[in-house]
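Novice: Protein chains in written order, with full-length UniProt numbering: chain A, 1 to 196; chain B, 1 to 571; chain C, 1 to 211.
Simulated from the structure, these hints should not be mistaken for laboratory data. C-beta: ideal position from N, C-alpha, C; glycine also. Hints are supplied without guarantee of correctness; some may be wrong.
[Stated by the list, open to error] Stretch by stretch, here's where chain C covers chain A in the computed footprint (C-beta under 8 Å, at least three residues):
1. 16 to 24
2. 53 to 60
3. 89 to 95
4. 113 to 126
For reference, the chains in residue letters:
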Amino acid sequence: MFCEKAVELVRELHRMSDGQLPAFNEDGIRQVLEEMKALYEQNQSDVNEAKTEGKTELIPTIKFRHCSLLRNQRCTAAYLYDRLLRIRALRWEYGSVLPTTIRFHMCAEELEWFNQYKKSLATYMRSLGGEEGLDITQDMKPPKSLYIEVRCLKDHGEFEIDDGTVILLKKNSQHFLPRWKCEQLIRQGVLEHVIS
Amino acid sequence: MFLTDIRKEFYDVVVNQRVALLVSSDIDALCACKILQALFHCDQVQYTLVPVTGWQDLGTAFLEHKEQYRYFVLINCGANADLLETLQPEEDSVFFICDTHRPVDVVNVYNDTQIKLLIKQDDDLGVPSYDDVFRDDEDEDSDGGDSGNESDGGSEPSGKRRRFDEGALERRIERQRARREWEARRRDILFDYEQYEYHGTSAAIVIFELAWVMTKDTRDMLWWSIIGLTDQWVHEKITHIKYVTDIATLQRHVSRHNHRNEDEKNSVSIDCMRITFEYDLRLALYQHWSLYESICNSCYTSCSFKLWSINGQKKLQEFLADMGLPLKQVRQKFNSMDMSIKENLREVIEESSNKFGMKDIRVQTFGVHFGFKNRFLASDVVHAAAALLENVEKDETATDNFIKALDCLSRSNIERMHLGIDLAKKKLKAIRQTVASCICTNLILSQGPFLYCHLLEGTPDVKLFSKPMALTLLCKYLLKAFVCSTRNKRCKLLPLIMAAPMDVEKGTVIVLGIPPESETSNKKNFFGRAFEKAAESTSSRTLHDHFDTSIIELKMEDKGKFLDALITLLS
Amino acid sequence: MDTQSYMPVPPGVGMEENFFSLDDILLSHERLPCRTDTAFPKLGFLEKAGETHDIPEGTKMEMPMWLAKGLYERKRHVISVELPKVYREGWRTVFGADANVVDLHKMGPYYYGLGSQMLHFENAENPEIAQSILQTFISRFRRTMDSSQNAYNEDTSVLVERLDCLERALFRSGQNGLNAFQLWERGRASQLTASSLVTNYRKRKITELQS
Chain A
1 MFCEKAVELV RELHRMSDGQ LPAFNEDGIR QVLEEMKALY EQNQSDVNEA
51 KTEGKTELIP TIKFRHCSLL RNQRCTAAYL YDRLLRIRAL RWEYGSVLPT
101 TIRFHMCAEE LEWFNQYKKS LATYMRSLGG EEGLDITQDM KPPKSLYIEV
151 RCLKDHGEFE IDDGTVILLK KNSQHFLPRW KCEQLIRQGV LEHVIS
Chain B
1 MFLTDIRKEF YDVVVNQRVA LLVSSDIDAL CACKILQALF HCDQVQYTLV
51 PVTGWQDLGT AFLEHKEQYR YFVLINCGAN ADLLETLQPE EDSVFFICDT
101 HRPVDVVNVY NDTQIKLLIK QDDDLGVPSY DDVFRDDEDE DSDGGDSGNE
151 SDGGSEPSGK RRRFDEGALE RRIERQRARR EWEARRRDIL FDYEQYEYHG
201 TSAAIVIFEL AWVMTKDTRD MLWWSIIGLT DQWVHEKITH IKYVTDIATL
251 QRHVSRHNHR NEDEKNSVSI DCMRITFEYD LRLALYQHWS LYESICNSCY
301 TSCSFKLWSI NGQKKLQEFL ADMGLPLKQV RQKFNSMDMS IKENLREVIE
351 ESSNKFGMKD IRVQTFGVHF GFKNRFLASD VVHAAAALLE NVEKDETATD
401 NFIKALDCLS RSNIERMHLG IDLAKKKLKA IRQTVASCIC TNLILSQGPF
451 LYCHLLEGTP DVKLFSKPMA LTLLCKYLLK AFVCSTRNKR CKLLPLIMAA
501 PMDVEKGTVI VLGIPPESET SNKKNFFGRA FEKAAESTSS RTLHDHFDTS
551 IIELKMEDKG KFLDALITLL S
Chain C
1 MDTQSYMPVP PGVGMEENFF SLDDILLSHE RLPCRTDTAF PKLGFLEKAG
51 ETHDIPEGTK MEMPMWLAKG LYERKRHVIS VELPKVYREG WRTVFGADAN
101 VVDLHKMGPY YYGLGSQMLH FENAENPEIA QSILQTFISR FRRTMDSSQN
151 AYNEDTSVLV ERLDCLERAL FRSGQNGLNA FQLWERGRAS QLTASSLVTN
201 YRKRKITELQ S
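Pulled out of the complex, with its shape left as it was, chain A reads as follows (with noise of 0.2 Å):
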């Protein structure tokens, strides 16, 4: 049956519920642009075919083959759509920096979207809150206070905060400093956020 490279595309996706980004697989692509292309140009033979002689009875097999064009569109604009909306979530979840493994996943047209996207957010961003605009991709969870108490997970090294001081993250150190430099470091993973 047609469409079997197609839904493998989608299945590849679907198995990653959570949201995780696979390398692109520019090989099923290629596969599936491939047959697209088999199935349109036997169709254009078979309409020409079909006008030119009469022959009525390819009219079934022609939208066999429509169909089967349809579903590969279908297929295929679905991952690419939702390998976007995975995109976006590293923004959210990463920061604007994403580590070179995941980008080694995007291909170069994915990388595009997301500066672009980048850029987007950023001016939408600026034009809040006043002058300095409002970052909001800080805060997901309403805040209880101004300053958090943070445990260092691992060695990260030195980190400064806003007015120039640095703090050195060593494993097992405990800080107690503001919220709104610690949430990207507990995202991360590199800092926990302790409650007593």
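Mind docking chains B and C on chain A? Use the hints.
Specialist: Chains B and C alone, transformed into the frame defined by chain A:
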């Protein structure tokens, strides 16, 4: 210098600053740390908390943070050695030291600028007066060269023509004689002052009182200060009198907190924390164990009955029979015992204990309960936290264990507390078994001026005893047991030194000395200085890293000559 | 509760499909027993037997649902779609008796989804099918909801193994709610947590390195 007004001279100074908290690894320090953290959270004082296990750690932590922090708070470390000499800080670094270790080093006492001691001045200190130990240089005339406390300096003239003046010569000789006399007296005074190591008021209590003065004290803080004091009692760092005095102080706070709710019409929710004064049994962890296990594994009862002997076991059975407690009940988990038995248990046990020669089976302490299930005595918490702090079961670092122990003190981490209790049970059993085997195999030998016991590698649970607090408990238990079981009157008055394998790869042992066992013991320990001298005189390779000077690390190969030197020194 | 940043396109409701929904794409991949009512020249290679050049009229073959939907025409005879067993009268009676005992995962796994899509094909039994699916859902819903709200911190595989995909999604959503409530009760709702996405990436990296 000693701070007189801790709030003004310490808290108000740091409240707008960023602070580095260096905390030692003992339960009292952990409790003081929790209270201070709670205060800092209240006032949004930014801080960094670094656990330290010894002087090396302290030095490293200081080096790592000295660029970023000006104010350092040291808890249960730093007082008993010249801190400025050890750390070599810049002039603007300020150290606030809240430490129970005594004696406080004289340099720390008299430094006005950088060392601030959060210690009560009336805390039984006996610090020598300034003039007895420090001397401003008074050389006015042109003898030149003599600066500081040089002894008998050659007084070569520094280029100036020497005035031959008999009067001047006589005066100089007189001054030199006076100086020599002063220095000799100084040596004596310092020797007396520094000879015995002991402990002062719990750091947790000091910090709690700071909180109280600021009216920011909560029940959680009070409970932590109780645990801090109880830690000092469990590990026998303070005298009984001091313990009772401090209990009375805390009892006033407990009453004050409990009265707060009497006006309210609605009674407080069951989930709120309640602290109560208890005159409870001296049986470790008995409410979380079975009564039988607790009696067997608690030092006081085990030594009184001499449970390592068959006679002892018989006496225990008689004791239980005397109280009318069936063995089946007593072996059950405490919570499953019949209510009728639990009701007057304390009085019943006290009465029978008196008959069997145990006059102090009950002790003043506090208990806490919150929620329906959670009831703990202060000593339960101390044992649990200590077991977590020195956990050797998994291969975790000291700082990992510090974090776990610190966590278990929060009420929201009850599961960790229960884990700690389980570990503590194993530890107490291990101690009991080790004591029994040491006594029965006569592993404790008299070396003349002291008793000595060496735990060999391969002894069961010996890994537990590579840690200072566990080894201390074992040591005290062992000495008491020995005193109870030996007939040699002279040996009963001797102190005990114990050695156990510390780092098998490096070939070192941990050596610890405790003072002789007596009912009126003042808990003062002279081994710190003794170890130092013995190591020096034999060039033994030792590491005096622990904040308690009576605990050191020693290379196995040097053990023989080290011990010999000690014997000579102390005879 | 972890804030969700990845929000995939959800499946459509009832007879609608969402074009971009991965769930709907996989649902429409399920195979249906069909019969060709006309010949399909040049496509013989697709059919099982594969010997002829064309697919002759009257061939019984399995077609994926997307194809069946695409080819089916009410007025003309292109293909006829047979009702899968589980929607026929026999099984409908079983569902009517007690829907709770049926292993819908084995019968599906897209029992409700596929059933709803079947209504696109004209069939005299459609009203009964629709009614049966609805009643089945109603009678099983209570148990799904109960178990999702009461299974805390335990292995739920036994509870979910007989649920179809829609019910499993509901179960998961119920569990999320329960976990969030428990966190809130313990005062941990305001605790900032590491992004589960980041943690999972790290775990995967470690397993990749190890393999």
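Novice: Decide, hint by hint, whether the structure agrees.
Specialist: Do the hints match the structure? See the list:
no.	hint	verdict
1	16 to 24	holds (count 3)
2	53 to 60	holds (count 3)
3	89 to 95	holds (count 5)
4	113 to 126	violated (count 0)
The structure fails to meet hint 4 from the earlier list, while all remaining hints are met.
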